[in-house]
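Given next are the chains, with one letter for each unit.
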Amino acid sequence: MVASLAAMTAVASGTEEDSLRAEADERVAAILKLSPDPAYGAYLAGDCATCHRASGGSDGIPPIAGLPADYTVNALIEYKLGIRENEVMVVRVARLGDAEIAALAAHFADQKP
Amino acid sequence: MNGLTRRQFGLLLGAGASTLAMPAYLRAQDKPRVVVIGGGPGGATVAKYVAKDSAGAIDVTLINDGETFTTCFFSNLYLGDFRTFESITHSYDQLASAYGINKVTGRAVSVDREAKTVTLADGSTVPYDRLVLAPGIDVIYDSVPGYSEEAAEIAPHAWKAGAQTQLLKEKLDAVEDGQNIVMVAPPNPYRCPPGPYERVSMFAHVLKKKGFTQSKIFVIDPKETFSKQALFTEGWEKHYPGMVEWYGPDVHGGLKSVDVAAGTVETDLDTFEGALLNIIPAQRAGAIAIDAGVTNEAGWAPIDAGSMRSTIDEAIYVIGDASIAGDMPKSGFSANSQAKVAALNIRADLTDAQAFPARYSNTCWSLIETDDGVKVGAQYEPQDGKITALDAFVSQPGESAELRKETYEESIGWYSGIIEDTFA
Numbered sequence: 001m002v003a004s005l006a007a008m009t010a011v012a013s014g015t016e017e018d019s020l021r022a023e024a025d026e027r028v029a030a031i032l033k034l035s036p037d038p039a040y041g042a043y044l045a046g047d048c049a050t051c052h053r054a055s056g057g058s059d060g061i062p063p064i065a066g067l068p069a070d071y072t073v074n075a076l077i078e079y080k081l082g083i084r085e086n087e088v089m090v091v092r093v094a095r096l097g098d099a100e101i102a103a104l105a106a107h108f109a110d111q112k113p
Numbered sequence: 001m002n003g004l005t006r007r008q009f010g011l012l013l014g015a016g017a018s019t020l021a022m023p024a025y026l027r028a029q030d031k032p033r034v035v036v037i038g039g040g041p042g043g044a045t046v047a048k049y050v051a052k053d054s055a056g057a058i059d060v061t062l063i064n065d066g067e068t069f070t071t072c073f074f075s076n077l078y079l080g081d082f083r084t085f086e087s088i089t090h091s092y093d094q095l096a097s098a099y100g101i102n103k104v105t106g107r108a109v110s111v112d113r114e115a116k117t118v119t120l121a122d123g124s125t126v127p128y129d130r131l132v133l134a135p136g137i138d139v140i141y142d143s144v145p146g147y148s149e150e151a152a153e154i155a156p157h158a159w160k161a162g163a164q165t166q167l168l169k170e171k172l173d174a175v176e177d178g179q180n181i182v183m184v185a186p187p188n189p190y191r192c193p194p195g196p197y198e199r200v201s202m203f204a205h206v207l208k209k210k211g212f213t214q215s216k217i218f219v220i221d222p223k224e225t226f227s228k229q230a231l232f233t234e235g236w237e238k239h240y241p242g243m244v245e246w247y248g249p250d251v252h253g254g255l256k257s258v259d260v261a262a263g264t265v266e267t268d269l270d271t272f273e274g275a276l277l278n279i280i281p282a283q284r285a286g287a288i289a290i291d292a293g294v295t296n297e298a299g300w301a302p303i304d305a306g307s308m309r310s311t312i313d314e315a316i317y318v319i320g321d322a323s324i325a326g327d328m329p330k331s332g333f334s335a336n337s338q339a340k341v342a343a344l345n346i347r348a349d350l351t352d353a354q355a356f357p358a359r360y361s362n363t364c365w366s367l368i369e370t371d372d373g374v375k376v377g378a379q380y381e382p383q384d385g386k387i388t389a390l391d392a393f394v395s396q397p398g399e400s401a402e403l404r405k406e407t408y409e410e411s412i413g414w415y416s417g418i419i420e421d422t423f424a
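In the order they appear, the protein sequences are chains A and B. First residue of the first sequence? That's 1 in the UniProt record's numbering, and the numbers climb one at a time after it. First residue of the second sequence? That's 1 in the UniProt record's numbering, and the numbers climb one at a time after it.
This is chain B alone, in the form it adopts within the complex (with noise of 0.2 Å):
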């Protein structure tokens, strides 16, 4: 402002003119601010880019309801033994330190458009020039009839990490050889496509490893078919036999209903009883994406190809497993990815970062058994306003040993960049 003050400022371009007039980055305050709600691999990711690469022109808050985030991707392995709950939870604290990122801990509960400020909780507002939404998906509890809030205190859907998680790992330990498991997975599209898949292989792999023979693990699945289908159903023949049993619709006729207490999902050819329940219901975008309007009919977030903008408001940015990626699957590597388009495109748009045209990648990896380790993958460019999969790969059944360790062991790796990538 050199050497005038805010107020002289105004007054130089006419009381009451100056808001309106100003650029949006000389508002209230120098820097134009970006706000990004949700600190998952998407939303810490892009909070990071930001920060990071537009050295300090760009204040950047980021918030998120916890202190930490455990991340979904390799939850499963806390559940089959391979990893420590404490070793998929990070912090933010690099974030804040390394790249000045304010970290508000807190929930997001509106976002007035209009004004451009989002409302926490505690009923404080953070204004915005530019707001990322990266709130991941909610599960729809009535999905699946029986199934409640409550109810998810004694059969764990576990689909977001956390304290769900934990649950169910409790719950798998106190299984007893004879006593079975059921799964209800749930329905296109959510979160992480091979995920209900690899949990049953670490469910399988923990009563294998405890010498168990008498207890089953039964899918109900409202899908017709499902991702790495041929390899998680070789692998099952090949490390679990008889164990896991896989039901599709025109086999078990639909869900009827879920009774948590009684331990029982009852389908239209049978009822099906478990020890454990573990009952994954349908999903949407986070409320915070619904409530802000920028979903369609069907809970998503409808977005540009080109730069993760919504297509609804264009000061909003949707990215990770809320948005509509078109061929992309909701995982934590896509949202990763997601995020470094959206980072770009917000410099260029608040700054005078040159913006290049998207590209976009994933590859998922699932553990069926120890050192047995599976992938799929593709690269990503928008094609006729669509987020398209032009190249693609996965693993394929009957590979060697030596390839499925290599391909596990590659994982491990990924997992280190994916969170140096995001949280450091």
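The shape of chain A in the complex, shown without the other chains (with noise of 0.2 Å):
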């Protein structure tokens, strides 16, 4: 009975990251097709700047100039929807719909670190 509920749980839980994955997939798929305003990425990238260094530096917080806009708006998705934890992100990505993800993400794919 113990056996079988955990594996049930394990079960659950898989199909819940499959489900997860899937909708971040999407969300990022859709997001990458938008036409991102280059004067809106730039002013919300302010906000990224306060720790993400703009020359690409790092200690203690990874360096996101340059990274592919695939990447940004995964990562940011990812925070979003809980997949990816770190309290000040899940808090900065809150109220970022998807026309400030795509502005972000096509910003820091345009820098050069």
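If you're looking for bench data, these hints aren't it; they were derived computationally from the structure. One or more of the hints may lead you astray.
Stated by the list, open to error - Chain B stretches covered by chain A per the calculated footprint, using a threshold of three residues with CB under 8 Å from any CB of chain A: (1) 188–202; (2) 406–412.
Stated by the list, open to error - Where chain B lies over chain A, by a calculated footprint (3+ residues, C-beta under 8 Å): (3) 25–33; (4) 58–66; (5) 88–96.
Stated by the list, open to error - Label-pair restraints from in silico Cβ distances: (6) A/84 with B/268: 50 to 56 Å; (7) A/62 with B/119: 45 to 51 Å; (8) B/242 with A/62: 36 to 42 Å.
Predicted model only: the values in this text are computed from it and were never measured. Quick reminder that beta carbons are idealized off the backbone N, C-alpha and C, glycines included.
Combine both chains into one complex, guided by the hints.
What follows is the structure in structure tokens.
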């Protein structure tokens, strides 16, 4: 009984993970189809620059300048869906819509660290 | 001006009328002028972002009374021997060389809002089209009976980083086992809500590291509760058992006076004696904001939540600790965030830049003991005319040592980040 419950839980969480991943992939694909506004991206990126250094240097916080857009969009969606955990980032992305995420990702893809 | 001299241009428009008829950005020079008073995380950031993003279309002058700036944030880590003083002190050289910002070293003493000029202590004047006031805080010495500017040379407040911080460090290092430290904490609102309690932690860290067992740290607080209280209280019990005693107003009954020469802090409950007194008085906006007449009766500057523009003078923006920023705490992070909203709105004011809706953020990290870092933060937007916290988080008691170490390392990364964002 205990063993089968445990097995069921494992299956359930596996399914949950799979469906979260599918949801993330779907949202990432949709966002990557948008045409981002560079001026908006530059403004929004100011919020990131307090911690993520524009020069790309890092000590304790990862660099993000120059990351490909699909990587950034995926990371931000993962914070939104709880796949990635960091309290600061979870709060930062909470009010970012698709247009904002697309604009930020395009902005950082353009940066040369 | 295409071949016309300025004088001819004026004559064409009709003598006398020219100054009034010309848009502000054509007056006296071709570019609109932004003047920023205060070179901290608010002022230096707004100067940088206006200069950088306007790509030479706006003339930016940054007035600060020092050649360098020592950050208040991480100054507690200097007290605790985690940072050197040099590592928290920064120059303006890159702002001048990389973005063409005119750095003026001097003290701004008055603002003529009619003439739109700033007067410096040496008598020189600087004209502006938009003025940003980022003067930080001033301490109100006489809010603590017996305390004064002179007394601060014996019992430092060290709430403006610099010589006061070094004096406090010197006195902290001179404390001997069995001698006590008394901190008088400030009433709300004040710069850096968790700051006094992080400082207490750093005091305790230094005493503990020296192997002291007889010294105590007393905190006389005018507030019933304080920022990250559960986290600090837990940390003090865990790392410094029996060393820190915090007294809220319901216990000490009210602060009566301090005597810095005798080293005493008198309350209704008792008289506390310390070899080191750290008196942190009540605060208000830096003097220049009050002198400019853009503050309220409590000494803080009301602003428009969507732009950081003064609600009293539309040619002036007030950012950072001096402003009334709704739910945002007075912190270096907040000032840096507000600076970017102000910079965008100033560019939209003076050039064809597009303004976007304001978004603000803040995180305050604090260090309790080596590798034991905690944080509190939020995201903010204007709502009903006020900067409002919409999503927030705070570290929890009982977190793993691994997570606390990560949080501390994150704070180190943030410090490098905000310094680059502000000064480079």
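Hints, one by one, checked against the model:
1. 188–202: violated (count 0)
2. 406–412: holds (count 4)
3. 25–33: With 0 residues close enough to chain B, the hint is violated.
4. 58–66: holds (count 4)
5. 88–96: holds (count 6)
6. A/84 with B/268: 50 to 56 Å: Once the Cβ atoms are compared, 51 Å apart, the range 50 to 56 Å for residue 268 of chain B and residue 84 of chain A holds.
7. A/62 with B/119: 45 to 51 Å: With Cβ atoms ~46 Å apart, the hint holds.
8. B/242 with A/62: 36 to 42 Å: holds (40 Å)
Hint violations for this structure: numbers 1, 3, all remaining hints satisfied.
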